[in-house]
Each structure stands twice: as C-alpha cells, then as structure tokens.
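Colleague: Here's the letter readout for the chains.
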Amino acid sequence: MTVSHSNHVKALEAESIHIIREAVAESERPVLLFSGGKDSALVLRLAVKAFYPARLPFPVMHVDTGHNFPEVLEFRDRTITELDAELIVASVQDSIDAGRVTEETGPYASRNRLQIEPLLAAIQQNKFDAVFGGARRDEEKARAKERVFSFRDGFGQWDPKNQRPELWSLYNGRHRQGEHVRVFPISNWTELDVWQYIRDEEVELPTIYFSHLRKVFERDGMLMADSAYIERMDGEEVFEAEVRFRTVGDMSCTAAVESPASTLDEIIAEVAISRITERGASRADDRTADAAMEDRKRQGYF
Amino acid sequence: MTTELVRLATTGSVDDGKSTLIGRLLYDSKQIFQDQMDAVEDASRRRGTDYVDLALLTDGLRAEREQGITIDVAYRYFATPKRKFILADTPGHIQYTRNMVTGSSTANIALILVDARNGVVEQTKRHSFLASLLGVPHLVLCVNKMDLVDWSQDRYNEVVEEFREFATKLDIHDLRFVPVSALLGDNIVNYSEKMEWYRGPTVIQLLEEIHVASDFNMIDVRFPVQYVIRPHRNGFHDYRGYAGTVAGGLMKPGDEVMVLPSGFTTRIASIDTFDGPLESAAPPMSVVLTLEDDLDISRGDMICRPRNQPEATQDVDAMICWMAEGPGMQAGSKYEIKHTTRWGRAMVNDLQYRLDVNTLHREEGPTQLALNEIGRVRMRTTTPFFVDDYRRNRQTGSFILIDESSHTTVAAGMITGKAT
Ligand SMILES: Nc1nc2c(ncn2[C@@H]2O[C@H](COP(=O)(O)OP(=O)(O)O)[C@@H](O)[C@H]2O)c(=O)[nH]1
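Line order of the protein sequences matches chains U and S. Here the working numbering is used: position 259 in the first sequence is 259, and no number is missing along the way. Numbers given in the working numbering equal positions in the second sequence, counted from 1, plus 1000.
Errors might be hidden in some of the hints.
Below, computed lysine-lysine pairings styled on DSBU-like, alpha-carbon distance capped at 35 Å [to be verified]:
no., chain 1, residue 1, chain 2, residue 2
1, U, Lys-49, S, Lys-1194
2, U, Lys-127, U, Lys-145
3, S, Lys-1125, S, Lys-1194
4, U, Lys-127, U, Lys-215
5, S, Lys-1082, S, Lys-1125
6, U, Lys-145, U, Lys-161
7, S, Lys-1252, U, Lys-145
8, S, Lys-1125, S, Lys-1169
9, U, Lys-10, S, Lys-1082
10, U, Lys-49, U, Lys-10
11, S, Lys-1082, S, Lys-1169
12, S, Lys-1125, S, Lys-1334
13, S, Lys-1082, U, Lys-145
14, S, Lys-1252, U, Lys-10
15, S, Lys-1334, U, Lys-127
16, S, Lys-1169, U, Lys-145
17, S, Lys-1252, U, Lys-49
18, S, Lys-1194, U, Lys-161
19, U, Lys-145, U, Lys-10
20, S, Lys-1169, S, Lys-1194
21, S, Lys-1334, S, Lys-1169
22, S, Lys-1252, S, Lys-1169
23, S, Lys-1082, U, Lys-49
24, S, Lys-1082, S, Lys-1334
25, S, Lys-1125, U, Lys-161
26, U, Lys-10, U, Lys-161
27, U, Lys-49, U, Lys-127
28, U, Lys-145, U, Lys-215
29, U, Lys-161, U, Lys-127
Please keep in mind that the hints were generated in silico from the structure rather than gathered at the bench. Just so it is clear, the structure is predicted and the values come from calculations on it, not from any experiment.
Using the sequences and the hints, build the whole thing.
Modeller: Set out below in structure tokens:
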C-alpha cells in the first residue's frame, strides 16, 4: 500500500509513533483506551504502525457505559478480532449494580461522569501505568494545556497547576507504583487532520459517522437520537432526519448533525467549512458549563 | 496538496497584545468557531468590555480565567493553504522562563511582541535571549500598537534599530520585523492602509514564507534506538528491527553504520515501515532499521556513521534552565538524566556561572540555580552519553533532568562545548 499524505500529516504521524513507542518502552503495563470513535480508531492505527511487524504489545480497554450505539459496539468487536488484540471492558453498569456509583435521573441524565469510577478501578486492578487516550488539544481549552505525557496521582487525578515541563521530544513517564500517566499521541492533530488521515489510510469507522436516516428529537438546538436511554420531555417530538455524528459518545449525550455527507470526502468538505467545534455541535455534556471538561479531567476523566 | 508543519512560539511582556495577536491570527485565518466566538462575546459582556476581546479566545483553565491571567504553555492550531502551524502560547510573566523555554524548545519561529510606545524593554531582551538560547532558528519581532503612535514610520525605525543593536549580542540567524496593530488587524493577515510606508510582508505572509525545511540537521546521521522489535510470529521469526526517530542525517539501505556504545560496525539492511520499505530516511521520520549483522543492540544505543560520530562522554557541559520550585540545583546534587532515549544518573560537579537573563551578565560561582534561573554547569554521568553540541543538533544536544524521588522534570539542558 502506498499512501500519499501531505507533509504535515506525515510529520504528525511520525510524532505520534514516536510518542507511542516511548510510552511503551518506559512503562510496565500500557493499555489503549478505545471508544470506537474516530480519534481512538486513529490512535489504534498509529499504534499498530508503531510496532509493525510485531503485534500490538498491549491490550485495548473500552469503558462501556451500557448506553452505546449498537453500531459502535459492532465496530469495536470486529476491529479487535481483526487485530487479534486483547479487549478489556470496564462496565459502568457493573459499577451501578455494585453501588459504587449512582445513576443520574431525569431527562438530562447521562452516564458520562459515571465512567470515571470504572475507568480508574480498571486501571488500578490491572496495574496499568501508561494509558493511551485519543484527546486532541484543539478540542477544548483545558486540553490545550495538557501535556502529551500527563501525570496522574494515586487517585487518578490531574492537577493542571502542577504539570511536568515537557520539552523537545523528551517525555518523562516516571511514576511511583499506583500512579500512572495518560499518554495522548494525537495531541497535535486537528479534527481536519484526523479526517484527512482516515481518508488517506482507509481507516474503518463506525457507520454512525456517515449520513443515515434516524429517528431524532430536538433539544436545546441539538438533535438527539431517540433511544431507550434518554427520557423525552413534553413537546420533544420524534421525527426522522438525515443525520450523522461528529463524535462518538453515549446515546444519551451525543447529538447528531443534519448532514447528507456519506463519504469521507464529503465529511472533510463539511469539516473544512464548519463554523462550530465538534464538541459544541454534538456534546450535550460540554455545554452545561464552560469548565465542564476541566472539572471532569481533574477527577480522572479521559 | 502538500503542506508543511511549522512550530511557533509567541511571547511578549504583559499587555503588549500577545493574546490579541493570537486571537487575530486564529480569527482572520478562520480557525475560530461560532460557539467559541459566542462564548467569548458572552465573557466580554460579563466583564463589561465594550468590544469583543479576542484575547479571551486563548484563555485556558478556570482558575486562570478567574485570575485573569494565562500561566501555562497552551497549544493552538491554525492553517493556511501552504502550512499548518502549531503555536506554543507562552505567558510573559509568572514562570515566564520555564514556560518560554518549554514553548521554544521545538519552535521553528519565535514571534515576539513589543509595544511601539515602550520599544525594547527588559522583557523583550529576556524573551529574545531565551529564543536564541533554545536555538529557535527564526525570530520575528512584531512592533505592536502602531495605532497608538500615529502609525509613525520614525517610531518603528527607532524600535527596529534599538532591537538590532541588542540582537548583535545574541545568536540569531534570521531576524525579521513587522509593524502591526493586533487590535485593528493591520499587517497581521491583511495589509495596513495606514502604513503605506511599509512594503514588507504581513505577519501571516512571513509565517508562510520563512524557510524551515533546513531547520533539521540533514548531515550527521544520528539514530537513537527507541525500541527493539521482535515479532515472534509466523513469517517474522528471525526479524529483529530497531525502531526509532531519525535525529539527524540521511540514511539509506547499504550505508555503513556504527552502533554506540559497542563500536561495532555493520550495514543498514532495510528501512521498514508499516507502509513498506523505504529508500531513505531523514528527520523527523519514525522508522524501523534492520541491520546486516546480528548485534546486541538495545534501547538507548545510538546508530551513527563510523566517520561521523557524536561525542561519547560522561562529562556533560551544558546550559541548564532550572524549572522546579523548592531547593535549586547545587554542586553535588544527583538527578536522573534522559538524553534521546537513554537514561542514566548525573551528578553536578561544578556550577560555573549563573546568567542574568536581562543583562546577559555572568555571575561566577553561584551556590545554586533556583526556579527560572539559567546557568552553566558541568556534570558527571554514570554511563556515557552520545552527544552533539545543541547548536548543531537540537535532538542530540538536549536533555532533561528528573528528580529521583518525586520523578518530576526539574531542568532542561543544552549541551555546549567546554567552558572557556
Ligand atoms: N490600541 C491598541 N491596543 C491593543 C493592541 N493590541 C492589543 N491591545 C490592547 O492591549 C491590551 C492587552 O492586550 P492583550 O492581548 O491582553 O495582551 P497580552 O497580555 O500580551 O496577552 C488589551 O486591552 C488589548 O485590547 C493594538 O494593536 N492597539
């Protein structure tokens, strides 16, 4: 396969591969967080490239909210099988059943925040000390300041005031037992870079990224998928629309955008002229407060 | 389409207009999204400012917003048809040195702001010195707030002269000047109608034009081994590859290479990637090398050419920037050291001088280097490192020091020749 990327994407790819190898070389038990979304699909592809021709030298972990899009679960299982990788599932439902977290109620209930507990518990149980994530700095203001190797204390917490200086390509993943580092290999990619790479590399994605007909209702100016996981309020009528998703999260908090884009080229054309960030457009969870992400991240979120 | 990746670092002293300039670059290059703009308009209104404060676009974390200051390096992204930019936004005040050193370490271009009314101030000198110390190859001085000096060409020339004179003391190879008004957008993306006397490029034109392709060292072959790949799977049982990122020079299959520290020589058999073998590799590519002979090679080893080797040494002479609170660096202190992919321990033998970053005055024989201080030291390491002068290669000329108990990064180092 020969792929021709523009130079800047090649430079980004090289940087990401360097970061992934560095994290694996300097940790005991690395793991890759995989949501089934495009960013984690990209990190997974880069990780496969980093160790080729050897197999992926670490397992993949999914924090399962129990409110997933079925298309995403199907994609997850297929991808893991094709790579012959090991999948670990950390389940929010198990945490609820065991009484470790309490389900939110009401029309705005979401299991987003509830992911923190099973995520940190799984990290602890498996003694993972380097945890790959697909966050990008262009996504959100709190992310813009986060390091590529982001230290987490014994409680999994991030302290934005006390980050390690990170210079050149000299990453410091040193930690004590029980602490870990989150590693973000695609920190410097923008949404557009990701899409262009996915197109050029023919990286497979869940079908919900592409335009399809779906039963939705409108809430706060966003289109939410109608499902058993979200309670509709009075006046929220269900109708069918031609939509796609710009990010993959819970069915209860990920909104769709109206779009006829059914190919990667059409999506790229849309992204290139879009005037709304992907989070602003489609994450009900980030709209509640300007500092929502920062608060979640401090507690150990992705 | 081929676009180049260019890294920028911006600084200026407080209120020189850095945040406004960045907001302007992002806004005029259409990188600001409507929801971000709405949030900024909201925040401007809440603060009672009567214009939309573009500076708010680049404000980061909540605590910092509450204090009304930016205190960490934040990264921003924007693109033009020719280039994609990664901008390290470093604040001018608290912890300025640590942040600027961090932001500049990877930068191709430093954008430094001055207020046209004040001209070159102490902080301008400090920022320029740090950019030069960190080996940023290109420096652009933006003379801002030209609207407040009646768009005066004379004033602009004065500031330029003042800066040129100071810059002779620094190691800056490529220096450019632009008169701008970040607030009104003059000479940022669009030409200024108010300053017809200026015929040079706008800021964005400069950022697009400055030649960065030769910022990497393409002469001295340096390949720090990062990871040994042994597939243990069908078809690859005897495969042994050395993964890494090319830190210098051009490598080709068939080239004779030497491996350090062993000193064995062999030839490159292939340069492999997931996408197939390559005919050559150069910085900053990440590849896998296979070699003709079966040698014992591990992470931290360095592959180079027999007739062009880095210096193998346990005595490291370097400029250090101390980046941690608490007790500073003292003679006799021990740290972990990371240079390329190689770790060891280092002991400070001699603190030779501390540099006053404002006056460039050298204070001989200091007792310690504290937070944000820069000085020249000599260290002894437990294992040899394979180093080049930082001026020659930023990858093989740099290292970090790590505190042995807290594991935090406490210092950045740039390798220099022996002190004179
Ligand atoms: N008149 C004028 N004011 C400016 C200009 N650039 C910035 N300012 C103002 O100077 C103040 C400080 O700007 P800011 O961007 O926050 O400075 P920073 O501290 O360097 O980030 C703000 O009130 C800006 O509106 C300019 O070109 N002309």
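Colleague: If a hint holds in the structure, say so; if it does not, say that too.
Modeller: How the hints compare with the structure:
1. Lys-49(U) to Lys-1194(S): Distance ~53 Å between Lys-49(U) and Lys-1194(S) Cα, so the pair is violated.
2. Lys-127(U) to Lys-145(U): Answer holds: Lys-127(U) to Lys-145(U) is near 27 Å, not above 35 Å.
3. Lys-1125(S) to Lys-1194(S): Within the cut-off at roughly 28 Å; holds.
4. Lys-127(U) to Lys-215(U): Not OK: Lys-127(U) and Lys-215(U) at ~42 Å, beyond 35 Å, violated.
5. Lys-1082(S) to Lys-1125(S): Roughly 31 Å separates the two Cα atoms, so the pair holds.
6. Lys-145(U) to Lys-161(U): 10 Å, holds
7. Lys-1252(S) to Lys-145(U): Not OK: Lys-1252(S) and Lys-145(U) at ~38 Å, beyond 35 Å, violated.
8. Lys-1125(S) to Lys-1169(S): This hinted pair holds, its Cα atoms lying about 10 Å apart.
9. Lys-10(U) to Lys-1082(S): Holds - the C-alpha atoms of Lys-1082(S) and Lys-10(U) are around 15 Å apart, at most 35 Å.
10. Lys-49(U) to Lys-10(U): With a Cα-Cα distance of about 13 Å, the restraint between Lys-49(U) and Lys-10(U) holds, given a limit of 35 Å.
11. Lys-1082(S) to Lys-1169(S): Holds. Lys-1082(S) to Lys-1169(S) sits at ~34 Å (cutoff 35 Å).
12. Lys-1125(S) to Lys-1334(S): Distance of about 32 Å is within 35 Å: holds.
13. Lys-1082(S) to Lys-145(U): Given that 35 Å is the threshold and the Cα spacing comes to 26 Å, the pair holds.
14. Lys-1252(S) to Lys-10(U): 19 Å, holds
15. Lys-1334(S) to Lys-127(U): The given pair, whose Cα atoms are some 29 Å apart, holds under the 35 Å limit.
16. Lys-1169(S) to Lys-145(U): With a Cα-Cα distance of about 33 Å, the restraint between Lys-1169(S) and Lys-145(U) holds, given a limit of 35 Å.
17. Lys-1252(S) to Lys-49(U): 21 Å, holds
18. Lys-1194(S) to Lys-161(U): Cα-Cα ~43 Å, so violated.
19. Lys-145(U) to Lys-10(U): Distance ~24 Å between Lys-145(U) and Lys-10(U) Cα, so the pair holds.
20. Lys-1169(S) to Lys-1194(S): Roughly 33 Å separates the two Cα atoms, so the pair holds.
21. Lys-1334(S) to Lys-1169(S): Given pair Lys-1334(S), Lys-1169(S) holds - Cα atoms ~33 Å apart, limit 35 Å.
22. Lys-1252(S) to Lys-1169(S): 40 Å, violated
23. Lys-1082(S) to Lys-49(U): Given that 35 Å is the threshold and the Cα spacing comes to 27 Å, the pair holds.
24. Lys-1082(S) to Lys-1334(S): Between Lys-1082(S) and Lys-1334(S) the Cα gap is close to 46 Å, so the pair fails against 35 Å, i.e. violated.
25. Lys-1125(S) to Lys-161(U): 27 Å, holds
26. Lys-10(U) to Lys-161(U): 33 Å, holds
27. Lys-49(U) to Lys-127(U): Since the Cα atoms of Lys-49(U) and Lys-127(U) sit roughly 25 Å apart, the hinted pair holds (cutoff 35 Å).
28. Lys-145(U) to Lys-215(U): Answer violated: Lys-145(U) to Lys-215(U) is near 38 Å, above 35 Å.
29. Lys-161(U) to Lys-127(U): 26 Å, holds
Of the hints listed earlier, those the structure fails to meet are numbers 1, 4, 7, 18, 22, 24 and 28, in rising order.
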